[in-house]
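Visitor: Sequence:
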Amino acid sequence: MAPIRATVNCDMGEGYSLYTMGDDESLMKTIHLANIACGFHASDFSIMDKTVQLAKENNVLVGAHPSLPDRQGFGRREMVMEPDELTACFTYQVGALAGFLKQHGMKLNHVKPHGAVYGQLARSTDLSKAAIKVCKTFGSDVAFMGLAGTAHQEVAVEEGVKFIAEWFADLDYSPEGKLLITKKHVPPTLDQVRKRVTAILANRQITTNAGTFIALPAGVEEVSICVHSDTPGAVEIAKLVKSLVDESNTKAGYV
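Numbering follows our numbering, in which position 46 of the sequence shown is assigned residue number 313; successive positions increment by one, without gaps.
Derived by calculation from the structure, the hints in this document are not laboratory data. Each residue gets a CB set at the ideal place from its N, CA and C atoms; glycine is no exception.
Once the Cα atoms are required to be at most 27 angstroms apart in a straight line, the calculated DSSO-like pairs of lysine-lysine come out as: (1) 323 to 509; (2) 369 to 429; (3) 400 to 445; (4) 400 to 369; (5) 396 to 429; (6) 429 to 296; (7) 509 to 374; (8) 509 to 317; (9) 296 to 509; (10) 374 to 396; (11) 369 to 296; (12) 317 to 374.
The calculated label-pair distances, taken between Cβ atoms and stated as ranges, are: (13) 293 to 452: 20 to 26 angstroms; (14) 268 to 317: 40 to 46 angstroms; (15) 316 to 403: 23 to 29 angstroms.
Turn these sequences into a full structure, and let the hints guide you.
Guide: Below, the structure is given as structure tokens:
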């Protein structure tokens, strides 16, 4: 079995006004894809502009990272939205980022939902359709990034939108393959990260919190590995992940 093609992504531009979240300048040098916050859970016009410029300087592809309108809860609280409301909510946010991208001569690469709505979409075909509709609005080549084996992948394939399967280097997975999202979690050691990343790149297997392995869902031929900017030691983790990914891609002839 050939190694899986991979990239590294990170959620960025998640500060607000004078407040910062993560070391974006250092992290931008360690990733391939940046998911930039669009103002509803974090960011503002100045931060969006600066983050897009930073991505351009580092040859990083940019995706939109829209959320529910919940800045107080950092987009991590679920709320009820009808599909048409969600489409409008995402269009508003992605449109804002698209303006900055145009100003800097860049293209929108993908859309990755943030926080609570990421999980809501994974469980709902209707909501996933509402979100993926926004990808098609901004270009036939705009991809959707999400969880493989969920409505994210199912709807993207049905709608003819490129799907980028995401895997998280700094979060745990249950033996059933469920992503375990908590308000606080113990950051993995670099050795743990190395073993997890090697398993997914070389063997296409997800390491669970029980120490067992499960195969990536069917139909996944490329994976983007996420490192969160607010994870302690994020820069060192991202550096390690990128080195492993670049080495694997090169050996497999993907680069």
